[in-house]
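With these hints in hand, go ahead and build the complete structure from the sequences.
2 protein chains.
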Amino acid sequence: MAGNVRDPGASVASRLLAVLSVFDEHAPALTLTELADGASLPIATAHRLVRELVDWGALVRSDDGRYVVGRRLWKLGLLAPDQSDLREIASPFLHDIYGATLATVHLAIRDGDEVLYLDRLAGHASVPAISRVGARLPLYSTGVGKVLLAYAPREVHDRVLRNLTRITPFTVTRPGQLENELRRVHREGYAQTVEEMTLGACSVAVPIRDGENVVASLGLVVPSIGRDRVRLVAALQVAAQGIGRSLRTG
Amino acid sequence: MAGNVRDPGASVASRLLAVLSVFDEHAPALTLTELADGASLPIATAHRLVRELVDWGALVRSDDGRYVVGRRLWKLGLLAPDQSDLREIASPFLHDIYGATLATVHLAIRDGDEVLYLDRLAGHASVPAISRVGARLPLYSTGVGKVLLAYAPREVHDRVLRNLTRITPFTVTRPGQLENELRRVHREGYAQTVEEMTLGACSVAVPIRDGENVVASLGLVVPSIGRDRVRLVAALQVAAQGIGRSLRTG
Numbered sequence: 003m004a005g006n007v008r009d010p011g012a013s014v015a016s017r018l019l020a021v022l023s024v025f026d027e028h029a030p031a032l033t034l035t036e037l038a039d040g041a042s043l044p045i046a047t048a049h050r051l052v053r054e055l056v057d058w059g060a061l062v063r064s065d066d067g068r069y070v071v072g073r074r075l076w077k078l079g080l081l082a083p084d085q086s087d088l089r090e091i092a093s094p095f096l097h098d099i100y101g102a103t104l105a106t107v108h109l110a111i112r113d114g115d116e117v118l119y120l121d122r123l124a125g126h127a128s129v130p131a132i133s134r135v136g137a138r139l140p141l142y143s144t145g146v147g148k149v150l151l152a153y154a155p156r157e158v159h160d161r162v163l164r165n166l167t168r169i170t171p172f173t174v175t176r177p178g179q180l181e182n183e184l185r186r187v188h189r190e191g192y193a194q195t196v197e198e199m200t201l202g203a204c205s206v207a208v209p210i211r212d213g214e215n216v217v218a219s220l221g222l223v224v225p226s227i228g229r230d231r232v233r234l235v236a237a238l239q240v241a242a243q244g245i246g247r248s249l250r251t252g
Numbered sequence: 003m004a005g006n007v008r009d010p011g012a013s014v015a016s017r018l019l020a021v022l023s024v025f026d027e028h029a030p031a032l033t034l035t036e037l038a039d040g041a042s043l044p045i046a047t048a049h050r051l052v053r054e055l056v057d058w059g060a061l062v063r064s065d066d067g068r069y070v071v072g073r074r075l076w077k078l079g080l081l082a083p084d085q086s087d088l089r090e091i092a093s094p095f096l097h098d099i100y101g102a103t104l105a106t107v108h109l110a111i112r113d114g115d116e117v118l119y120l121d122r123l124a125g126h127a128s129v130p131a132i133s134r135v136g137a138r139l140p141l142y143s144t145g146v147g148k149v150l151l152a153y154a155p156r157e158v159h160d161r162v163l164r165n166l167t168r169i170t171p172f173t174v175t176r177p178g179q180l181e182n183e184l185r186r187v188h189r190e191g192y193a194q195t196v197e198e199m200t201l202g203a204c205s206v207a208v209p210i211r212d213g214e215n216v217v218a219s220l221g222l223v224v225p226s227i228g229r230d231r232v233r234l235v236a237a238l239q240v241a242a243q244g245i246g247r248s249l250r251t252g
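These protein sequence lines are chains A and B, in that order.
Note that our numbering gives residue 235 to position 233 of the first sequence, counting from 1, and the numbers run on in steps of one.
Note that our numbering gives residue 24 to position 22 of the second sequence, counting from 1, and the numbers run on in steps of one.
Any given hint could turn out to be false.
[Said to hold, decoys possible] Under 10 Å between C-beta atoms, here's a sample of chain A residues computed to sit facing chain B:
#1 Ala15
#2 Arg17
#3 Ala20
#4 Leu22
#5 Ala31
#6 Gly67
#7 Val70
#8 Val71
#9 Gly79
#10 Arg89
#11 Ile91
#12 Leu96
#13 His97
#14 Gly101
[Claimed, not checked] Simulated restraints, written as ranges between beta carbons of each label pair:
#15 A/Arg53 - B/Thr251: 32 to 40 Å
#16 A/Gln179 - B/Ile45: 40 to 48 Å
#17 B/Glu183 - A/Phe172: 54 to 62 Å
#18 B/Glu190 - A/Asn165: 53 to 61 Å
#19 A/Arg189 - B/Glu27: 29 to 37 Å
#20 A/Asn165 - B/Pro44: 44 to 52 Å
[Said to hold, decoys possible] Covered, in the sense of this in silico footprint (three residues per stretch, anywhere, with C-beta under 8 Å from a C-beta of chain A), are these stretches of chain B:
#21 23-33
#22 64-71
#23 76-82
#24 87-99
#25 124-135
#26 197-204
Just so you know, the hints here were simulated from the structure itself, not pulled from any lab data.
We put the CB at the ideal spot given by N, CA and C, even for glycine.
This is how it looks when you write it as structure tokens:
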């Protein structure tokens, strides 16, 4: 994405950003050599840029000599409005649901062809779920994902349905079956999954609307759904309406 | 901090970081002119740097033409380990406490002479508190702050006690009285505040230890403490011990 930054025409700015690009959830701590290699930069250039990033507080050198993301970038990132506004408005509603159910509660948006988890509440009594704040999972195998897929643009829908991969033995991989489920989301107002992402975990989810548009999804992960479905869906819908109302008024 | 970046010797990297420095919680959306002024850059230079930041995803141009922090920086910031490791380890414990009390729950660390809120759980039943994730408040007028102040280095302690400012009529502003309270934190293992930051809000807080060192504080905000204190402190201490144990074992 930053292109070949060994290109002498590449700007200093793009080189600096290329250094930051090397960090991700699989590589949160990196040596200078790893940063130089990852950004395709000579080690001396990488060293100079890393020093500037450290001076500013974007990176911190940890005790073992590796570089990690610093507190200043964390605070800057919290200012991102599509995250912070929605998260902040939704937060008390999420906590109300968590307090009532002690289930894992998720707030998620669509990010391209995946679901991006903006917030996640879970205690020790909650079902283990593999979600993490900032992580992405497939749209077709998660409750919040199915809601977002049901309201996604046609081209996203088509791409996702062409690439259904089995994650557990219960993942829905037949496009026709998933189509039926997505139509039911529109008709009945909620999505569910039964061990389609993680064995032992089921989910229900509902859309959050800002006016006519579905902007996010709110979901719960529980060990089993059964007779609780009506109650769980009702709790989610009340909260989703409250969040939608708060989005419009402020 | 980035110095005078109009200085022709200032590096491109420092200019790029100066643009990012203009954003803060009071100014989360800025025009190009505001960014150029804030970073002391000619408008043409600011324009070029902003374009690079937008291309990379660090900034996004919103509908009204202002620039805001983008999703990519949010995701990068989540990789900051002093935030993400502690938050992630503490999260289920915080949710357990919230589920049991429905009170506002805080996880905080000391950042210089202030308390920095890493996480905050609150529902509609919780007491309104002015804390926000990423926000800073005084060490001497908050429960989590008093804990962190009690274990702060001498020079921090001395600076803070020289600058006690009244926030509510109940804020402790006499250094001698605060000294006594800090000694009691060491003796009894918890701190409390009674409407010292916000009228109608009281708090109790305990230290979180990684081995011998106090690395964070865990607190609850409630409308009044009274007879609940023993129960609340006990719940916090159990959770703080669990977090400390998890920090040591990985």
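Unsatisfied constraints (hint numbers, rising): 6, 11, 16, 19, 26
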